[in-house]
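The lines below spell out each chain.
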Amino acid sequence: MKRILALVLTALFCASLCACSDTGQADSQTDDSAQSSADAPEAPVQKAEDYHDVKAKIMVIGKNSTDPFTNWLLTAAEKVIKESYPNVEYVVTNLNDDPSNIVTLLDQCVLDGYDGVLIQKGSNSINSDEWYQNATAEGLKISAINAIAKDGVASCSYADDYGMAQMMAAHMADILPENAQVVFFKGPDGNQAAMDRVDAYQEHLFKARPDVTVIAENFVEGWKKENAITLMEDWCQKYDKIDGIISVNDTMALAGLDVMKNAGRDISSVYSCGIDGLADGCLSIEAGGLTASILQNADVMSEEGVRLLMQMINGDIDHEAYIVDGVLITPDNVSEMIQMHRDNGIIK
Amino acid sequence: MEKRFTDIRGLFSQAMRRYGIYLILLLIVFAGSVLSPVFLTSKNIMSVGRQVSVTGILAFAETILIIGGNVDLSLGSQVALSGMISINTYLGTGSAVLAFASAIAVCVCCSLFNAFAITKLQMPGFVATMSMDFIARGAVYVYCKGTPIYQVGDYGKISSTYLFGVVPLPVVFLLGVAVLAAVILRQTCLGRNIYAVGGNAEAAFASGISVSRTKFKAFAISGLFTGIAAVIQMARLNTGMPDTANGYHGDAIAAAVIGGASFTGGAGTAAGTLVGAFVVGFISNILNLKGISIYVQQIIKGILIIIAVSVDIAGKNRKIRQVAREKKEPVEPREGPA
Numbered sequence: 001m002k003r004i005l006a007l008v009l010t011a012l013f014c015a016s017l018c019a020c021s022d023t024g025q026a027d028s029q030t031d032d033s034a035q036s037s038a039d040a041p042e043a044p045v046q047k048a049e050d051y052h053d054v055k056a057k058i059m060v061i062g063k064n065s066t067d068p069f070t071n072w073l074l075t076a077a078e079k080v081i082k083e084s085y086p087n088v089e090y091v092v093t094n095l096n097d098d099p100s101n102i103v104t105l106l107d108q109c110v111l112d113g114y115d116g117v118l119i120q121k122g123s124n125s126i127n128s129d130e131w132y133q134n135a136t137a138e139g140l141k142i143s144a145i146n147a148i149a150k151d152g153v154a155s156c157s158y159a160d161d162y163g164m165a166q167m168m169a170a171h172m173a174d175i176l177p178e179n180a181q182v183v184f185f186k187g188p189d190g191n192q193a194a195m196d197r198v199d200a201y202q203e204h205l206f207k208a209r210p211d212v213t214v215i216a217e218n219f220v221e222g223w224k225k226e227n228a229i230t231l232m233e234d235w236c237q238k239y240d241k242i243d244g245i246i247s248v249n250d251t252m253a254l255a256g257l258d259v260m261k262n263a264g265r266d267i268s269s270v271y272s273c274g275i276d277g278l279a280d281g282c283l284s285i286e287a288g289g290l291t292a293s294i295l296q297n298a299d300v301m302s303e304e305g306v307r308l309l310m311q312m313i314n315g316d317i318d319h320e321a322y323i324v325d326g327v328l329i330t331p332d333n334v335s336e337m338i339q340m341h342r343d344n345g346i347i348k
Numbered sequence: 001m002e003k004r005f006t007d008i009r010g011l012f013s014q015a016m017r018r019y020g021i022y023l024i025l026l027l028i029v030f031a032g033s034v035l036s037p038v039f040l041t042s043k044n045i046m047s048v049g050r051q052v053s054v055t056g057i058l059a060f061a062e063t064i065l066i067i068g069g070n071v072d073l074s075l076g077s078q079v080a081l082s083g084m085i086s087i088n089t090y091l092g093t094g095s096a097v098l099a100f101a102s103a104i105a106v107c108v109c110c111s112l113f114n115a116f117a118i119t120k121l122q123m124p125g126f127v128a129t130m131s132m133d134f135i136a137r138g139a140v141y142v143y144c145k146g147t148p149i150y151q152v153g154d155y156g157k158i159s160s161t162y163l164f165g166v167v168p169l170p171v172v173f174l175l176g177v178a179v180l181a182a183v184i185l186r187q188t189c190l191g192r193n194i195y196a197v198g199g200n201a202e203a204a205f206a207s208g209i210s211v212s213r214t215k216f217k218a219f220a221i222s223g224l225f226t227g228i229a230a231v232i233q234m235a236r237l238n239t240g241m242p243d244t245a246n247g248y249h250g251d252a253i254a255a256a257v258i259g260g261a262s263f264t265g266g267a268g269t270a271a272g273t274l275v276g277a278f279v280v281g282f283i284s285n286i287l288n289l290k291g292i293s294i295y296v297q298q299i300i301k302g303i304l305i306i307i308a309v310s311v312d313i314a315g316k317n318r319k320i321r322q323v324a325r326e327k328k329e330p331v332e333p334r335e336g337p338a
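In order, the protein sequence lines correspond to chains A and B.
Numbering of the first sequence is given in this note's numbering, commencing with residue 1 and proceeding in unit increments.
Numbering of the second sequence is given in this note's numbering, commencing with residue 1 and proceeding in unit increments.
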């Protein structure tokens, strides 16, 4: 009886993992060997059309069910598979923010005869290289999106966090007024993506502009708006003059602006920036709130991730890396970004 | 002489148990005012009030349940689910009243299901409410397909509006819920029944109290409070975030326990919970003002819970030992006026 119960529960667990379609968080690292979308002379010749007739069964795995960026990634992946690879059978699921589920899902894919996996990889959550290597040895092809893969078997399509933050830092260094006093949201402590972005801000904004003073800075657990709101409310009590909000993602920068607005402060003269180019960030830029953001293009990331996976399944490549370039979003080009989010159904 | 000393010690420990949290609050306020010149300003106090408003209201929900011998681990997920439904209700109707009503209706339904599982299906409260946590969290993702609602119109004004230009609306709701919880617990028959059921369910049943009905009512009140907290949370975020309030039940339980609610049931007050919520809020506030990492705040919160529960358990053990001693030893006649 206990065995039957255990089997039923195991089956239910696997079914539930496959049944839900979800979202996650954006992390990645730099890789010198990877090719950029801008300077990729050896970009693969094959295009999506070349795989139009390829039949395959793939699993699309997001990191967790909670993050807007994962939602965007998975939506884009589904869209590209439906439109460009009509003979590909796919299932969308997520890790529930628990990296240990990676091995469970990879095992399931091997057992169920999947050809490939498109997975949103966590930045530094766990050393999963051996799992990918074992699954590849069993014949599974793996393409990681949103983070670099250094396991020697998986392809990857990701944005360079340091590079994106460097681009934003340079922009803010140009526009921040002299002797500006800024607050700095640093994201979760120990998270590789957050740390890369923090390092880039330190190097290319705060070192480049020594007159700019960081009057308050702190880590924000889980990159979350609610945690950033609490911090900013306290900082607003302590500092009467805040000229800028520097943040490693859009969500926290928006939290800072909301708090200042609720406190009755004039935010029209506040310089604020984030990274990711999420829908709410773009809407805020359009409305005159956020000053700028960097687009971490999940559309391209997913599209290239799927293309690399199809190439691997078809035996055309062993594994490759593709870096998605960031795009600076300002009031000048924000309408294009908003249209992109509308097309994806993220902005209704 | 020794007896009198024991009496004084007993009175002192009883007073510490009952009023210790107020002493801790005073110490924190004193420390805060020394460490930061802005700490005692009315703006900062209101800011902390706004920060603790959601977990504070949830703490009252947990307090009523804990006093009645229950606990609800699904409050955070209920906040997310009902908050998202509330935003859509608001966007569809433009009515803040209906937004509140829908959130409250969802939470009351979830809470009544918890009560049903506990009383009728005889499930342990921990298991029943943990299951509801999964159900509600899953339901919110299914409901919104994991996508946040970015354009919420004037919904955010529920959080950003000030009463008389001074008191933020979330603080008004927090105080309103505090008063309501205090009235329910102290002034109503239901409140007395909740204490009785939490203190000793068998004895309460023997004295004619319907244990299951009392639990249903306690959960319904918890649902009411949770619905209010959900609207405030989403208004604070000014966005519909399906992943919000993850683990908020833990913060709510922490505030209730630090405020004197006993996990063995039958003990706790609304005033204690309010103070407990502010103790946690003030500590975070001071550490934020001093630029100390949020992770340190979590350590301190954990230590505070350990201290609060230890004091509670030590007090109860002392009481048991005292009763046992009194049963063994003949009680000396008290000296007093002839």
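Incorrect hints may have been included.
[Unchecked claim] Capping the alpha-carbon separation at 27 Å, the derived lysine-lysine pairs in DSSO-like fashion look like this: (1) A:Lys241 to B:Lys145; (2) A:Lys186 to A:Lys79; (3) B:Lys43 to A:Lys261; (4) B:Lys217 to A:Lys261; (5) A:Lys207 to B:Lys290; (6) B:Lys319 to A:Lys261; (7) A:Lys186 to A:Lys57; (8) A:Lys79 to B:Lys145.
Derived by calculation from the structure, the hints in this document are not laboratory data.
These numbers come from a predicted model, not from an experiment.
Consistency of the hints with the structure:
Between Lys241 (chain A) and Lys145 (chain B), the direct Cα distance comes to roughly 40 Å. Violation of the 27 Å bound is thereby established for this hinted pair. A hinted pair counts as satisfied when its Cα atoms are at most 27 Å apart, and Lys186 (chain A) with Lys79 (chain A) does not qualify at roughly 33 Å. Between the alpha carbons of Lys43 (chain B) and Lys261 (chain A) the distance comes to roughly 15 Å, so the proposed pair stays at or under 27 Å and holds. Restraint check for Lys217 (chain B) and Lys261 (chain A): not satisfied, since their Cα atoms lie roughly 40 Å apart, outside the 27 Å limit.
Between Lys207 (chain A) and Lys290 (chain B), the direct Cα distance comes to roughly 24 Å. Compliance with the 27 Å bound is thereby established for this hinted pair. With a CA separation close to 53 Å, the supplied pair Lys319 (chain B) and Lys261 (chain A) exceeds the 27 Å bound. With a C-alpha separation of about 40 Å, the suggested pairing of Lys186 (chain A) with Lys57 (chain A) is violated against the 27 Å cut-off. Straight-line distance between C-alpha atoms of Lys79 (chain A) and Lys145 (chain B) comes to about 15 Å, which keeps the hinted pair within the 27 Å bound.
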